[in-house]
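S.K.: Listed below, chain by chain, are the residues.
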Amino acid sequence: MVNFLIRRLLAAIALLIIVSMVTFAIFFLVPRLTGASSADLASRYVGKSAGPQAIHEVEIRLGLNRPVVVQYWNFVKGIIVGAHYDFGPSKVYCAPPCFGYSFINQTPVWPDLLDRLPVTLSLAAGAAVIWLVFGVTTGVISALKRGSAVDRASMGVALAGVSLPIFFTGLLSLAIFRDNLQWFPGAGTYVGFTQNPATWAANLVLPWVTLAFMQGALYARLTRAGMLETMGEDYIRTARAKGLPERVVITRHALRATLTPVLTIFGIDLGTLLGGAVLTEGTFSLPGLGKFAIDSINNNDLPRVLGVVMIGAFFIVLANLVVDILYAVIDPRVRLS
Amino acid sequence: MAAVGAALALALAACGGTGGSTSSSGGNGKFNEGITSVVNASTKTGGTLRIGNAVEWDSTDPADTYYGWSWDFIRLYGRALTMFKTVPGQAGLQLVPDLAQNLGEHSADFKTWTYKLKQGVKYEDGTPVRAQDVKYDVERTLDKNTFPDGPTYFGDFLDTKGYSSPYKDKTPGKLGLKAIETPDDNTIVFHLKKPFAGFDYFAMLPATIPVPQAKDTGTNYKLHPVSTGPYKFESYTPGKQLNMVRNTNWDPSTDPNRKQLPDRIQVQIGVNADDLDNRLIAGSADMDIQGLGLGAAAAAKVQSNANLKKNADSAATARLDYVAISSSVPPFDNVHCRKAVEYATDKQAMQTAYGGPLSGGDVATHLMMPLIPGNQDINPYPSGADNHGDVAKAKQELQACNKPNGFNTIISARTERPKEINAALALQQGLKKVGINAEIKKYPTGDYFKLYAGNPEYVKKNGLGLIMMSWGADWPEGFGYLQQIVDSRVIRSAGNTNLGVKDPAVDQLIDKATVTADTTARGALWAQIDAKVMDDAYIVPFLDEKHLLYRPPSAKNVYVNQGLNGYYDYAQLGVK
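First to last, the sequence lines map onto chains F and D.
Numbered according to our numbering, the first sequence spans residues 1176 to 1512.
Numbered according to our numbering, the second sequence spans residues 703 to 1278.
Hints should not be assumed to be uniformly reliable.
Only pairs whose alpha carbons sit at most 25 Å apart, straight line, appear in this in silico BS3-like list of lysine-lysine [to be verified]:
#	chain 1	residue 1	chain 2	residue 2
1	D	Lys818	F	Lys1266
2	D	Lys917	F	Lys1266
3	D	Lys876	F	Lys1266
4	F	Lys1266	D	Lys872
Please keep in mind that the hints were generated in silico from the structure rather than gathered at the bench.
Can you make the complete structure from the sequences, with help from the hints?
M.R.: In structure tokens:
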């Protein structure tokens, strides 16, 4: 088990390094290969009226004139030991892990990422619990009541959930439950958990449910399909033949096998969400990592985009690592392999 | 995809906000009433003014901001030397003293401008405002490395003699810029290297909002600018929220232009634009800070509902949407080929692409619009009764250009601007009728001027004959509006906004206008410049933009300030 964990951890670290290289290359190497000069890159960080001299000064100051390899090394070095930036009136020290410096907003990237992270964590965690519980439960019930009205109705709702875009269901839910019924008057704003837990939860109910509606639909269909397949297996028949109660057959035998692929998808989905639920955060005006990513892309703020990509990759890798470990709990055969 | 999105949004708007309409449909206003008068007038104090912002500030630092809405909002926490009169209608175009006692006194050659500061104006901490603090902020704006976003007017006109930043300044008090003198705490004198009769407009810029050197934290100053206005920062988290409270050291007796009615002002940043429209209509937000008007879904809903429409204003702006014709790209080096495009353009279809008359704007026939003093309504290239284009005239010009069967060219537009893309498509269709076949090329907005359409070498090399363009005035006056798009001397190697107007006669007229003190005579000169550029057919104007603004009944003292290019005036708002 320890070997298994060490192997997976090393692979995760290697993957993160590769992601950082590829991301860095996309933003800083590809433009050069396509003909843009370092002055062109620098021109993004000066005002719209800046002349060639001002652009050149920025180019030197930001080190954009240096070889890309050197720039990458400085980026990595900043993560490990921090970095110093000299901007106008004062020198700025960016403490490790320094994921670069936003030259447009003139702030280090890492504190901004940490500032946005609780919003995304709040959104993802709440929605994940809802969609997992409701999605799997609905899937199991549908499978057990195959062909019934309950099955057809729940799968119809699931199909709607998968089909409707979140910017539609989100705005619709705000219009109905906030503006018309006024059940959640604070929806569309974020209040930190530590500030007021009750308001935090009340304001997040709509984004949680909206996001869970879309994701849960997928899990319901996935669980249903898995359960139907598993319930036809020989060992289920054997379990019944042994005289085990139906509840035990379903929960201990059928559901356990069905959960393995569900867990795989859940790991990837949760990891992706933690990197920023772009549409949900945008629709509900939540200042999380997804909104941060979109704003950074719109502002051409490459260091920030790089930071979000890295943190997103980290969570995906982490979630997959956790899933791999949970596999070993659910399915003992994994440990042998 | 976009069409599906629009359809969904429209469906959503149709079903959303019904319950809230009880509050949103209240009020005693009439459609467009906010353009000519103060709607929901009130002097009651208290409450929280809830403002939504779909984007983020470029900066809240007075030295580093260039957004029009930011220049409007900044007056709540900063006082410049002058400002536009805070009244509805044409009177709003008039400059009045703010921090200064009077408008500037100038030397005979318009190169020296003197302002005397009012007595008794204080910062939020109770310390008095000094002329040196005004000078210090102007010095800060010269440091484009630290504050890249603000305009460059002071750097362009002041005789800086190489002075680049107060942060490199070794003189005591960091006031080493010789081009500005402060003979005493209440007097500031600007020395220009070239004459400029409209300097009072420069004095209106946020750059003249005083910054106490002892409180300057450089790039972090934006987190808490020291207030001289009726409100001060309580807390500000970029990207999230700005909270402001009353500035108890603001003295209304020194400031007849602002009110201090709400107890608090709360700006939520990063609000979904469609949701913000819904909040305004439902009454759960009082103002959209960006002032760009309602989105398509909400605009459709408001226009079709009389109870909502009475709370809306279709406000004229000082923004023109036009097609710049690249005179360096053949065959547009021939004026007749340019004129053929002028006649063939289907302006009505392009207006529709921008949202029609109420939320898009009026068909434009020349550069200046009614908001700009001196505006003369001319139409040198009539494009038919319905503005669909005059095919016969266009063909005549093509004959004169030796291209009777038309020619091929390229239209450039910005990828992230769907209205602009749709207008380019309408332009393409109109030109096709006379044999001009145009291919549309899309470019990223962020690099549009620096790398592509504003880069003369790229334009010529890649044959961008027709460039989709949108231009808003820095302030509604000839210089603040036209100079950057028609003066050939501002053309550089990249980052241009003058996309092809190269006429020495125009440059001479600009020089004449900048030394003309009489505002009527100056306006007439800018009208001449407008006519000259149109005569040379460098620009095809097609839309004087209007924005369909919504004012919830909860917002008091609401009116459009023409001096602020058609935004609601934030300096007098209340909520009680």
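S.K.: All the hints need checking, so say for each whether the structure fits it.
M.R.: Taking the hints in turn, this is what the structure says about them:
Restraint check for D:Lys818 and F:Lys1266: not satisfied, since their Cα atoms lie roughly 37 Å apart, outside the 25 Å limit. The straight-line distance between the Cα atoms of D:Lys917 and F:Lys1266 is roughly 17 Å, inside the 25 Å bound, and the hint therefore holds. Pair hint D:Lys876 plus F:Lys1266 holds up; C-alpha atoms about 18 Å apart against a cutoff of 25 Å. The straight-line distance between the Cα atoms of F:Lys1266 and D:Lys872 is roughly 17 Å, inside the 25 Å bound, and the hint therefore holds.
When each numbered hint is compared with the structure, a violation occurs for hint 1 only.
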